[in-house]
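Colleague: Listed below, chain by chain, are the residues.
2 protein chains.
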Amino acid sequence: MSIRGLSIIGIGISQTDANASHAQSFRAFDPTQNRELEPVFYNATNDDVEKAALLAREAFAITKKLSGAQKARFLRAIADGLTGAKAELVEWSNRETALPIARLEGELVRTTSQLRLFADLVEEGSWVQARIDASDPTRTPLPKPDLRSMLRPIGPVVVFGASNFPLAFSVAGGDTAAALAAGCPTIVKAHAAHPATSEIVGQVIAQAARNCEMPAGIFSLLFDSGHEIGMALVKHPYVKAVGFTGSRRGGLALMQAAAARPEPIPVFAEMSSINPIFITSGALKERGSAIAKGLHGAVTQGVGQFCTNPGLVLLPKGEAGDEFLKEFADLMQSTPQGTMLTRGIRDAYAQGVKQRAKTASVTTHTHTEAAGNRAGAALFETSLAQLLGNPQLSEEVFGPSTLVARYGDVYDLVLVATSLEGQLTATLQITEAELPEYGDLLDILEEKAGRVLFNGFPTGVEVGHAMVHGGPFPATSDGQSTSVGTRAILRFVRPVCFQNFPEAALPSELQTLNPLGVHRLVEGR
Amino acid sequence: MSIRGLSIIGIGISQTDANASHAQSFRAFDPTQNRELEPVFYNATNDDVEKAALLAREAFAITKKLSGAQKARFLRAIADGLTGAKAELVEWSNRETALPIARLEGELVRTTSQLRLFADLVEEGSWVQARIDASDPTRTPLPKPDLRSMLRPIGPVVVFGASNFPLAFSVAGGDTAAALAAGCPTIVKAHAAHPATSEIVGQVIAQAARNCEMPAGIFSLLFDSGHEIGMALVKHPYVKAVGFTGSRRGGLALMQAAAARPEPIPVFAEMSSINPIFITSGALKERGSAIAKGLHGAVTQGVGQFCTNPGLVLLPKGEAGDEFLKEFADLMQSTPQGTMLTRGIRDAYAQGVKQRAKTASVTTHTHTEAAGNRAGAALFETSLAQLLGNPQLSEEVFGPSTLVARYGDVYDLVLVATSLEGQLTATLQITEAELPEYGDLLDILEEKAGRVLFNGFPTGVEVGHAMVHGGPFPATSDGQSTSVGTRAILRFVRPVCFQNFPEAALPSELQTLNPLGVHRLVEGR
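Taken in order, these protein sequences are the chains called F and W.
So the number in the numbering used here is just where the residue sits in the first sequence, counting from 1, plus 1.
So the number in the numbering used here is just where the residue sits in the second sequence, counting from 1, plus 1.
There could be a bad hint or two in this list.
A pair holds if it fits inside one copy or across any two, identical chains being indistinguishable in the list.
[What the hints assert, rightly or not] Below, a list of computed lysine to aspartate or glutamate pairs in the EDC-like style, where the Cα atoms sit at most 20 Å apart:
#1 K145 x E504
#2 K65 x D441
#3 K286 x E438
#4 K327 x E124
#5 K294 x D441
#6 K236 x E264
#7 K286 x D410
#8 K236 x E422
If you are wondering where the hints come from, they were derived from the structure by calculation, not from laboratory data.
The structure presented is a predicted model; accordingly, all values stated were derived computationally and were not measured.
Isolated chain F (complex conformation) (with noise of 0.2 Å):
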């Protein structure tokens, strides 16, 4: 497949290369060799934005008409396409994020499945929550109407593609798979990390789109090295909702313009979280070494560059923590430097990390300095006190490292995890045994992630029909969402009532004989 470097707008319609002569360009990066790579990729332009959306706009009139059959087909040629082009898209993510190639074909794995879950959800067709309040003619003093519900698509999406998930969180990623399922065109904002695996992976999606008579505007890539592009596209008025994966800083600016629009509509932003691991007493006696090869593993882990890195650790004060502490930074230390995604993010971690060491009361176990755009792993300690006083030691440095507060009993934990803002994942590590006494802490910790666990790490996310990746602000801009799992789709659909319709012009989903075999509400039952 030959780069072209050019956006993808709608599916038969590339970027003309005159337009693109106009506009700014920008090249991908080799984080390992710290070089540039060619070709050049032009960014897009405010008319590209406008085409783009117009098309999506037309196309929403075909696609939310779709079946879930046909959906199903798309998506999965959209799933085929992507491991046709496996070697290419490893390479190719390789080159541009550093990531090992065994990683990423585990992501393109992941993303392909992801795909054909959803795939299988909508051919199935029972997510729309169909729901059928029969007719009462002879009810008084009024006549009780035929009321049918269920969910139907929100109109064109905007996605981000992330820089920590070249393929699982970017141009198919979930939030495009959970888009299309829905029903909804979706014009996706490349991340300029990784140009060619996104230039790649758009056309696979326009090919299966031509391939599956898909609307011209169902699907669109868009280019661009800043910010300008991805905002015009939130603020578009034919754009309805918007999947967003990365910093705390670009999820606000995105909420702010949305909430900004003469007509606001919905960001489903996932932000920042410093998952939180709690061991007790009971659990380090049982299991002190495991916990802490397995936490060294969840820290460091592609250089701890996921969402789900635990960035704080509580700890039990006393001897059986002292030495879980010496073990663990032992295993820190002896962290072999890695590659980080990007410059950027490398200088971030590069600063976090030095902010961090320079704070009063924080005690630096392990931080080395490290060239190019690698990272060390860095393990820091601090006080309880000092914890729950200072808010920068909960904010989220998006890297290999982690900060350990040793305390004192559960009541300490209770206040840690209260004063805690909103996070994807809480962990426990505990026994059984335990469990009575930190039924409050656990309370608590509901109430602040969208995920809990009981032992276990948070890093890996599950994609199934009960995961919740999602978890109050600022972990999500919406905590009542989550962005991986079936549950997704719900982001990007509303529910809409049909009043005494003829079978006719009800979709299949509500007509009484239920050619499609749903399962429905009827009556409340």
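Once you've looked at the hints, dock chain W against the given chain F.
Modeller: The following block gives chain W in isolation, referenced to the frame of chain F:
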């Protein structure tokens, strides 16, 4: 029941007289008699807000763990209490709102039915959308964890009483019923136009809560004649969601305040809708007179003070349309004047009607000046070009007023529908034979409204499982929600996932043996 004029801060604790004596006060107003009523009501203070919020926060630790059966018992106790206070409630609400006795009796039944519907819902329990994905310890490269998720209450909720439904959308109205059913402590800001009605309902809820041994902070009721207390509630860090029914300006102010919080929270505001009615020539021919009578009823009943009041009617050009308009205008002209809910609403209506009458290219068919707090029906006509060109003509005039525009063909209707803002409802008065021709129009109406009606009229909002009383902005602040029907509970919950939890620590709905027998999605089935 004695009306004390004091806020209820937690179910056992009233605002103290000492506290109240420092506060500003206001009186209820009888719009029919045009005079102030006894007793005095004291505005709540910021101190009261603090207390109510703290109590609610404390209560949440208990309310979030209430079983469906416990919540059902509480909701039914409120319903019973309201029925028991029927005489007082109807008398006071009639005095404070000028709504007719029969309407208020009906509204009380609607209010208690709504509470009982939510009681049934939470007692049955399946509404929590429990999902279980089983573990697979043998999976490679990584074992699959056990994941179980369900909807959990979001936290303390603030509800604003609405002026136009002193019972069904006020202190124990739909928002409160949904929030309590979800397990959320609820703080109601009483609407200052019916404080005595609000206090009676508040006392009923407090008594029911005491009888059911609920925690003190599960319910508070705050009075304020201004906006300060409502704003303080929305900004309070312990408050996690807001329910509101009222004006676009009021809803926007709450949306902005909630978005500007350090932790933004969702605001579910039901605001502004003109509920367009599209009448086809076939429908006119088949049943023109019936439509004229039905439309007249929908526009003028309750002095037009419904959010689903039709404010725009698209009528075919030509003789049949002329005849319809004449008949409809006669009905509008002969409509008795009625007393509006408040002086403010009456003044806004008079102002809105006056402005519309002065608008270029608007013909006034009926428009009578009315004395005191009374208002007469108003009927205006405009051209399609004017309607499309002047956004003011698509704004809501709250009261018994509507605007007719004449159209040539279905393309005109598509144009109008496309130009509309989001609506609670959109209605097609049509014959089945015409349906194929109007497919494009139906498609657009589905995008614009929460509920689309085939024939019928939009006033009369059934409380059931399939109802959607919502719609894209500005009909509501969140077009993905409904404020009426059992789906309304979804506004006050968030999904939480439990990973690898031992049975004993799981909510009953997620335990393997399913002791409550709720419907669950297990492995996607």
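Colleague: Give me the numbers of the hints this structure contradicts, sorted from smallest to largest.
Modeller: 4, 5
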